[in-house]
Amino acid sequence: MILSYILMVILFLLIFALIYQIFRFKVFNRISNGILNKAEFEYEKRKSEKEELRILEGNFKETRFLNKLDSLLEQSGIKKKFKFINAEIYIVLNIFMCLIGFLIGIFILNYWLWGLIIDIVAVIVFYGALKFLQGINYTKIDREMLTFLNLLENFSATEDDIVQIINQTYRYLQNPLKEYLMDFSIEVQSTGNMAIAFRKLEAKIENEKLSSFIRNIEICSRHEANYREIIEDERSSMQGYLRAKQKRKAINQNGRIEIFVCIAMSILIICIFTSLTPNLFNILKNSFTGNLILLYNVVVLGILGWNMISFDKN
Numbered sequence: 001m002i003l004s005y006i007l008m009v010i011l012f013l014l015i016f017a018l019i020y021q022i023f024r025f026k027v028f029n030r031i032s033n034g035i036l037n038k039a040e041f042e043y044e045k046r047k048s049e050k051e052e053l054r055i056l057e058g059n060f061k062e063t064r065f066l067n068k069l070d071s072l073l074e075q076s077g078i079k080k081k082f083k084f085i086n087a088e089i090y091i092v093l094n095i096f097m098c099l100i101g102f103l104i105g106i107f108i109l110n111y112w113l114w115g116l117i118i119d120i121v122a123v124i125v126f127y128g129a130l131k132f133l134q135g136i137n138y139t140k141i142d143r144e145m146l147t148f149l150n151l152l153e154n155f156s157a158t159e160d161d162i163v164q165i166i167n168q169t170y171r172y173l174q175n176p177l178k179e180y181l182m183d184f185s186i187e188v189q190s191t192g193n194m195a196i197a198f199r200k201l202e203a204k205i206e207n208e209k210l211s212s213f214i215r216n217i218e219i220c221s222r223h224e225a226n227y228r229e230i231i232e233d234e235r236s237s238m239q240g241y242l243r244a245k246q247k248r249k250a251i252n253q254n255g256r257i258e259i260f261v262c263i264a265m266s267i268l269i270i271c272i273f274t275s276l277t278p279n280l281f282n283i284l285k286n287s288f289t290g291n292l293i294l295l296y297n298v299v300v301l302g303i304l305g306w307n308m309i310s311f312d313k314n
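Residues 1 to 314, numbered by full-length UniProt numbering, are exactly what the sequence shown covers, in order.
Hints in this document: simulated from the structure, not taken from any laboratory.
A virtual CB, placed ideally from N, CA and C, is assigned to each residue, including glycine.
Treat the hints with caution; some may be incorrect.
[Unchecked claim] The calculated DSS-like cross-link candidates involving lysine-lysine, where the alpha carbons are at most 25 Å apart (straight line), are: (1) K140 with K245; (2) K50 with K38; (3) K140 with K204; (4) K131 with K68; (5) K131 with K247; (6) K68 with K47; (7) K140 with K79; (8) K83 with K178; (9) K178 with K80; (10) K83 with K204; (11) K68 with K45; (12) K68 with K204; (13) K79 with K45; (14) K83 with K68; (15) K204 with K38; (16) K68 with K200; (17) K79 with K38; (18) K209 with K68; (19) K204 with K249; (20) K80 with K140; (21) K83 with K50; (22) K50 with K178.
[As the list claims (entries may be wrong)] Derived Cβ-Cβ restraints for the label pairs, each shown as a range: (23) K245 with Y172: 21 to 27 Å; (24) Q164 with I267: 56 to 62 Å; (25) N286 with E44: 49 to 55 Å; (26) E44 with T277: 55 to 61 Å.
Could you put together the complete structure from these sequences and hints?
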């Protein structure tokens with residue numbers, strides 16, 4: 001026990017000495033700037049490749065993990081608040097956090113499985129926070145969709161230019177949809193390429209229904225079609241979509257409650273077994289089979305917790 005604390009103190013002293021030397025010789029600034037610049041370069045490269053692919057192929061389902069993580073950081077709003085954050089930086093921060101958690105489990109709590117539990121909980125909590133923020137923005141866009149359609153229809157009665165219609169529309173909307181439409185207007189004004197601006201707007205909107213509507217509007221703008229007819233057709237479809245989504249939301253909520261009940265029952269069963277066998281945890285801790293049983297339970301609880309943070313996006 002004393003040896004573990006001594007090793008922990010020595011480890012922290014070595015880390016402190018290393019950090020001091022790094023700052024002393026200004027190595028930290030060079031290394032951090034190099035890492036951040038490289039990560040930002042790779043992020044911009046992936047972003048350009050995705051935009052080019054979208055222009056060539058139209059709408060497509062993203063499959064690459066780093067691109068998915070980039071989208072999650074953008075749609076959660078974290079990327080806007082912390083410009084340096086991208087997929088690589090997020091992964092590095094998670095690895096660093098997991099390393100600290102594992103060391104705490106080994107040297108302070110004296111059991112490697114506690115370190116693993118800390119790591120799993122930390123990863124789920126941080127990823128869950130991103131999904132939660134993404135879900136908030138997704139819900140905000142859902143609430144603004146019908147208002148957006150109504151405004152488009154009203155302004156299209158007196159204006160034929162879709163860019164001007166959107167310019168007049170976004171002033172009456174709320175973020176994040178307002179911000180996306182504002183960026184669209186700025187993109188058209190600065191580049192003059194309306195097709196690319198529409199593609200970028202479509203890429204930002206995670207809601208497939210609204211993204212599809214933006215695509216149809218872009219096609220209409222190329223063929224000078226009647227916007228009001230498209231909007232009227234889309235409104236009835238959107239109303240049905242929102243009603244169906246409310247039903248799915250209720251089903252998903254029941255699913256979350258059932259998962260929570262499963263977790264609560266698992267904890268209750270563990271407490272019952274512990275009361276019947278006071279040394280149960282030590283028995284499991286000190287045997288290979290017991291370690292496997294504990295590890296299995298941690299993984300199952302992690303999967304249940306992961307499912308708890310998911311939300312309906314269809």
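Here is what the structure says about each hint:
1. K140 with K245: 14 Å, holds
2. K50 with K38: Distance of about 18 Å is within 25 Å: holds.
3. K140 with K204: Given pair K140, K204 holds - Cα atoms ~14 Å apart, limit 25 Å.
4. K131 with K68: Given pair K131, K68 holds - Cα atoms ~12 Å apart, limit 25 Å.
5. K131 with K247: 21 Å, holds
6. K68 with K47: 11 Å, holds
7. K140 with K79: Judged against 25 Å, a Cα distance of about 18 Å means the pair holds.
8. K83 with K178: Status holds; Cα separation ~20 Å.
9. K178 with K80: Holds, at about 15 Å.
10. K83 with K204: Holds, because 17 Å separates the two Cα atoms, which is no more than 25 Å.
11. K68 with K45: It holds: about 14 Å lies between the C-alpha atoms, which stays within 25 Å.
12. K68 with K204: Judged against 25 Å, a Cα distance of about 12 Å means the pair holds.
13. K79 with K45: 16 Å, holds
14. K83 with K68: The hint holds at about 17 Å.
15. K204 with K38: Roughly 24 Å separates the two Cα atoms, so the pair holds.
16. K68 with K200: At roughly 16 Å apart (the allowed maximum being 25 Å), K200 and K68 satisfy the hint.
17. K79 with K38: 17 Å, holds
18. K209 with K68: 19 Å, holds
19. K204 with K249: OK: K204 and K249 at ~23 Å, within 25 Å.
20. K80 with K140: Judged against 25 Å, a Cα distance of about 17 Å means the pair holds.
21. K83 with K50: 19 Å, holds
22. K50 with K178: 23 Å, holds
23. K245 with Y172: 21 to 27 Å: 23 Å, holds
24. Q164 with I267: 56 to 62 Å: 59 Å, holds
25. N286 with E44: 49 to 55 Å: With Cβ atoms ~52 Å apart, the hint holds.
26. E44 with T277: 55 to 61 Å: Distance hint for E44, T277 holds at roughly 58 Å.
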